[in-house]
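Visitor: The lines below spell out each chain.
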Amino acid sequence: MAVASLRRSVLSLNRTLRGSWCQAPDLRPVCVSACQRTPERSSVHARNTFKVTMVPGDGVGPELMRAVREVFKAADVPVEFEEIHISEVHNMASEEKLDQLFTSVRNNGVAIKGKINNPMAYKGDLASYEMKLRRKLDLFANVVHVTSLPGYSTRHNSLDLVIIREQTEGEYSSLEHESVKGVIESLKIITREKSHRIAKFAFDYATKKGRSKVTAVHKANIMKLGDGLFLQSCAEVAKLYPKIKFENIIIDNCCMQLVRNPYQFDVLVMPNLYGNIIDNLAAGLVGGAGVVPGESYSDEYAVFETGARHPFAQAVGRNIANPTAMLLSAANMLRHLNLDYHSNMVSEAVKRVIKQGKVRTKDLGGYCTTEDFVRAVVNNLGHQSVY
Amino acid sequence: LQRSIESLSYYNCILRVFLYNVPPPAKYGGQHTVTLIPGDGIGPELLNHVREVFRFSCVPVDFEVVNVNSSRADEDDINNAITAIRRNGVALKGNIETNHTMPPSFKSRNNLMRTSLDLYANMMHCQSLPGVQTRHKNIDIIIIRENTEGEYSSLEHESVSGVVESLKIITRLNSLRIADYAFRLAREKGRRRVTAVHKANIMKLGDGLFLQCCREVASGYPDITFDSMIVDNTTMQLVCKPQQFDVMVMPNLYGNVVSNVCAGLVGGPGLVPGANYGRDYAMFETATRNTGKSIANKNIANPTAMLLASCLLLDHLKLHEYATTIRNAILTTMNETRLHTPDIGGQGTTSEVVQSIMNIIQKTGPRTVAYY
Chain E
1 MAVASLRRSV
11 LSLNRTLRGS
21 WCQAPDLRPV
31 CVSACQRTPE
41 RSSVHARNTF
51 KVTMVPGDGV
61 GPELMRAVRE
71 VFKAADVPVE
81 FEEIHISEVH
91 NMASEEKLDQ
101 LFTSVRNNGV
111 AIKGKINNPM
121 AYKGDLASYE
131 MKLRRKLDLF
141 ANVVHVTSLP
151 GYSTRHNSLD
161 LVIIREQTEG
171 EYSSLEHESV
181 KGVIESLKII
191 TREKSHRIAK
201 FAFDYATKKG
211 RSKVTAVHKA
221 NIMKLGDGLF
231 LQSCAEVAKL
241 YPKIKFENII
251 IDNCCMQLVR
261 NPYQFDVLVM
271 PNLYGNIIDN
281 LAAGLVGGAG
291 VVPGESYSDE
301 YAVFETGARH
311 PFAQAVGRNI
321 ANPTAMLLSA
331 ANMLRHLNLD
341 YHSNMVSEAV
351 KRVIKQGKVR
361 TKDLGGYCTT
371 EDFVRAVVNN
381 LGHQSVY
Chain V
1 LQRSIESLSY
11 YNCILRVFLY
21 NVPPPAKYGG
31 QHTVTLIPGD
41 GIGPELLNHV
51 REVFRFSCVP
61 VDFEVVNVNS
71 SRADEDDINN
81 AITAIRRNGV
91 ALKGNIETNH
101 TMPPSFKSRN
111 NLMRTSLDLY
121 ANMMHCQSLP
131 GVQTRHKNID
141 IIIIRENTEG
151 EYSSLEHESV
161 SGVVESLKII
171 TRLNSLRIAD
181 YAFRLAREKG
191 RRRVTAVHKA
201 NIMKLGDGLF
211 LQCCREVASG
221 YPDITFDSMI
231 VDNTTMQLVC
241 KPQQFDVMVM
251 PNLYGNVVSN
261 VCAGLVGGPG
271 LVPGANYGRD
281 YAMFETATRN
291 TGKSIANKNI
301 ANPTAMLLAS
311 CLLLDHLKLH
321 EYATTIRNAI
331 LTTMNETRLH
341 TPDIGGQGTT
351 SEVVQSIMNI
361 IQKTGPRTVA
371 YY
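Chains E and V supply the protein sequences, listed in that same order.
Just so we're aligned, residue 1 is where the first sequence starts under UniProt numbering, counting upward by one.
Just so we're aligned, residue 1 is where the second sequence starts under UniProt numbering, counting upward by one.
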């Protein structure tokens with residue numbers, strides 16, 4: 001009797017634990033060799049060309065994408081872009097475009113995107129298009145690798161920091177309501193499953209790149225249950241990685257330490273809002289929003305974009321945006337697609353141009369335009385073009 | 001009986017999730033992470049070839065290399081490797097050499113890995129390949145071997161000087177588990193007959209228990225014929241008429257012997273891949289687990305076994321498209337191009353065989369990365 005009630009409670013617990021951790025073993029298939037063939041992606045692509053979804057977005061996004069296309073063409077990169085124009089402002093919001101975007105990313109597996117602007121006014125939907133995209137594709141991890149650019153000196157030089165941010169829950173759950181007039185409640189959601197997942201991602205990333213320390217950033221002294229759960233999950237996952245040091249730091253202290261002595265950090269992992277703040281802070285340390293690339297990962301898909309996501313609307317049409325971040329992100333995308341030769345070629349060219357210091361856009365202190373910069377990158381590619 | 005196994009293992013699973021927190025597999029951005037343990041002898045060079053072929057065919061698998069030094073007496077290296085496999089869920093390994101002269105407290109590294117991760121079933125599929133010259137043709141046998149107990153329990157002691165006692169352990173739970181695995185596999189693959197190999201006429205209680213468990217599980221699968229054979233008769237039948245066998249299930253030591261015999265029948269240790277499955281983890285290696293010290297770094301080892309093991313790995317990760325492409329390329333090289341290494345009577349080198357496989361993948365596969 002007691003056993004039956006235990007089994008019932010365990011089964012209900014099992015059902016609430018979403019995810020494949022708790023599969024009853026009799027449901028698991030027997031591990032067999034060569035089974036039936038199941039095609040992974042039904043798209044037919046030309047041999048040796050990779051198909052990638054491209055979302056130019058708003059603001060300077062289209063200009064940056066044009067820069068990427070020019071550089072890829074000059075380098076003979078075997079990548080074909082599938083462009084999807086989507087915008088939430090200017091009365092262009094449409095659900096069909098969003099669905100089209102989802103199917104496209106599902107088919108191709110890799111995407112490169114600019115920032116899709118969120119309208120400030122509340123138009124009836126609390127979740128912006130970008131948030132919907134992240135939730136639908138389950139892009140739970142955002143990685144921003146902050147490195148100092150050789151040749152461009154800032155107050156902190158030779159910085160090498162990785163910021164990993166949980167991207168689907170936390171303060172960005174879009175759950176807000178006004179229960180009493182004049183009183184708004186915003187819900188911040190932290191779940192054990194997602195905290196485990198992002199912690200494991202952070203440690204796996206650290207293992208893969210040979211990093212030695214992972215620091216969890218939190219505010220568990222105030223949000224004892226929420227951030228406390230996040231911290232506890234990180235500590236549990238840390239047990240599986242004895243070679244990697246695990247530390248934690250409160251967000252206010254972390255921000256201060258980042259501006260005084262950023263070299264003490266290696267890999268940082270944190271929930272959503274803190275991640276947003278620290279991303280932008282760290283980008284500012286090495287030169288601003290125009291120089292830091294970022295990527296988002298789910299189990300199946302990878303989306304490449306800039307690290308600090310600003311549409312930079314003031315620069316539209318003025319040809320002054322810095323394409324470095326987008327070009328470096330495109331190089332990371334090529335590495336993800338296993339095209340190491342092209343990836344190295346593009347990133348080396350960009351770094352060489354910045355090191356030479358002759359062609360710099362306005363945000364790095366120069367006077368050149370975006371097109372000048374792109375032309376300089378193309379000249380520095382060092383590849384025998386077929387054309 | 002089925003329900004008792006299920007309920008036991010179900011509660012075990014729940015306990016395990018709350019106590020050990022088996023994490024979800026490491027797959028990010030479509031890329032899987034697999035632990036790679038190079039081992040000794042020919043292991044490192046063959047696994048390098050596997051990595052080359054994977055890179056070339058754009059397989060979305062990243063390898064986390066964990067080196068295990070077989071000459072060190074402490075267990076840090078192997079514990080590190082086991083933790084890495086617990087994290088990633090899947091592993092591909094070469095054989096780690098076990099030195100006979102070390103004291104008995106020094107456990108075999110391979111055995112330690114299998115028992116810690118509870119990889120209870122070792123599966124080996126022996127098939128005659130048309131391109132390889134052998135004395136026997138049309139062999140198609142699946143051998144399922146219990147991987148964690150039996151004679152390999154590492155329990156030995158010398159109670160009286162000059163007298164050594166080795167303990168062979170057979171438990172009801174493990175025997176039921178392996179028999180259940182064998183019958184489920186047979187049903188999934190559409191096989192008609194399962195043969196249990198034993199020596200119950202001598203070890204009446206030990207192998208008798210194993211046989212009884214197999215019979216109990218067999219009663220739940222009326223569409224599959226079950227018979228048993230004593231191990232000495234089995235080995236004789238294997239060398240006279242191997243075509244009579246379909247699926248075989250057996251305890252640990254007999255499994256070792258019978259799997260090596262079958263590997264010899266189909267062409268040698270360089271041709272057959274093996275897989276070790278547990279409830280949560282899987283480990284892939286060559287079937288006969290040879291270190292191959294004498295042919296290490298001479299470019300004459302046969303890469304087929306390790307490459308076919310990597311195809312089993314891809315099937316386990318549900319990347320069936322890539323698995324079929326690479327497997328077809330290997331079989332084409334073996335059967336049509338007939339490029340063979342010295343162990344099966346040819347004159348090709350390892351790198352030539354791997355290059356031929358990559359050329360076939362480029363001609364027939366979906367997309368590859370060109371080398372500049």
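The hints are simulated quantities; they were obtained by calculation from the structure and are not laboratory data.
Wrong hints could be hidden among the right ones.
Some, not all, of what chain V presents toward chain E, calculated at C-beta under 8 Å [said to hold, decoys possible]: (1) Lys27; (2) Tyr28; (3) Gly29; (4) Gly30; (5) Thr33; (6) Arg51; (7) Cys58; (8) Glu64; (9) Thr83; (10) Lys298; (11) Arg338; (12) Pro342; (13) Asp343; (14) Gly345.
For every residue, glycine included, the Cβ atom is placed at its ideal position computed from N, Cα and C.
Visitor: State for each hint whether it applies.
Guide: Status of the hints after comparison with the structure:
1. For Lys27(V), the shortest C-beta to C-beta distance to chain E is roughly 5 Å, which falls under 8 Å, so the interface hint holds.
2. The beta carbon of Tyr28(V) comes within 4 Å of a beta carbon in chain E, closer than 8 Å, and the hint placing it at the interface holds.
3. Annotation: Gly29(V) was flagged as interfacial toward chain E, and the flag holds, the nearest CB pair being 3 Å apart, inside 8 Å.
4. Using the Cβ-Cβ criterion of 8 Å, the hint placing Gly30(V) at the interface with chain E is satisfied: the shortest such distance is roughly 5 Å.
5. Against a cut-off of 8 Å between C-beta atoms, the interface hint on Thr33(V) holds, since the closest Cβ of chain E lies about 6 Å away.
6. A hinted interface residue such as Arg51(V) counts as satisfied when its beta carbon comes closer than 8 Å to some beta carbon of chain E; here the least separation is about 12 Å, so the hint is violated.
7. Taking 8 Å as the C-beta contact cut-off toward chain E, the hint placing Cys58(V) at the interface holds, the least distance being around 5 Å.
8. The closest approach between the C-beta of Glu64(V) and any C-beta of chain E is roughly 6 Å, which is under the 8 Å cut-off, so the hint is satisfied.
9. Restraint check, Thr83(V) versus chain E: the minimum CB separation of about 6 Å is within 8 Å; hint holds.
10. Below 8 Å, beta-carbon pairs count as interface contacts, and Lys298(V) has none with chain E, the closest being about 30 Å; its hint is therefore violated.
11. At about 23 Å, the closest approach between the beta carbon of Arg338(V) and any beta carbon in chain E exceeds 8 Å, and the interface hint on this residue is violated.
12. Violation of the interface hint for Pro342(V) is found here, the shortest Cβ-Cβ separation to chain E being roughly 27 Å, above the 8 Å cut-off.
13. Violation of the interface hint for Asp343(V) is found here, the shortest Cβ-Cβ separation to chain E being roughly 23 Å, above the 8 Å cut-off.
14. Nearest Cβ of chain E to the Cβ of Gly345(V): about 26 Å, over the 8 Å cut. The hint is violated.
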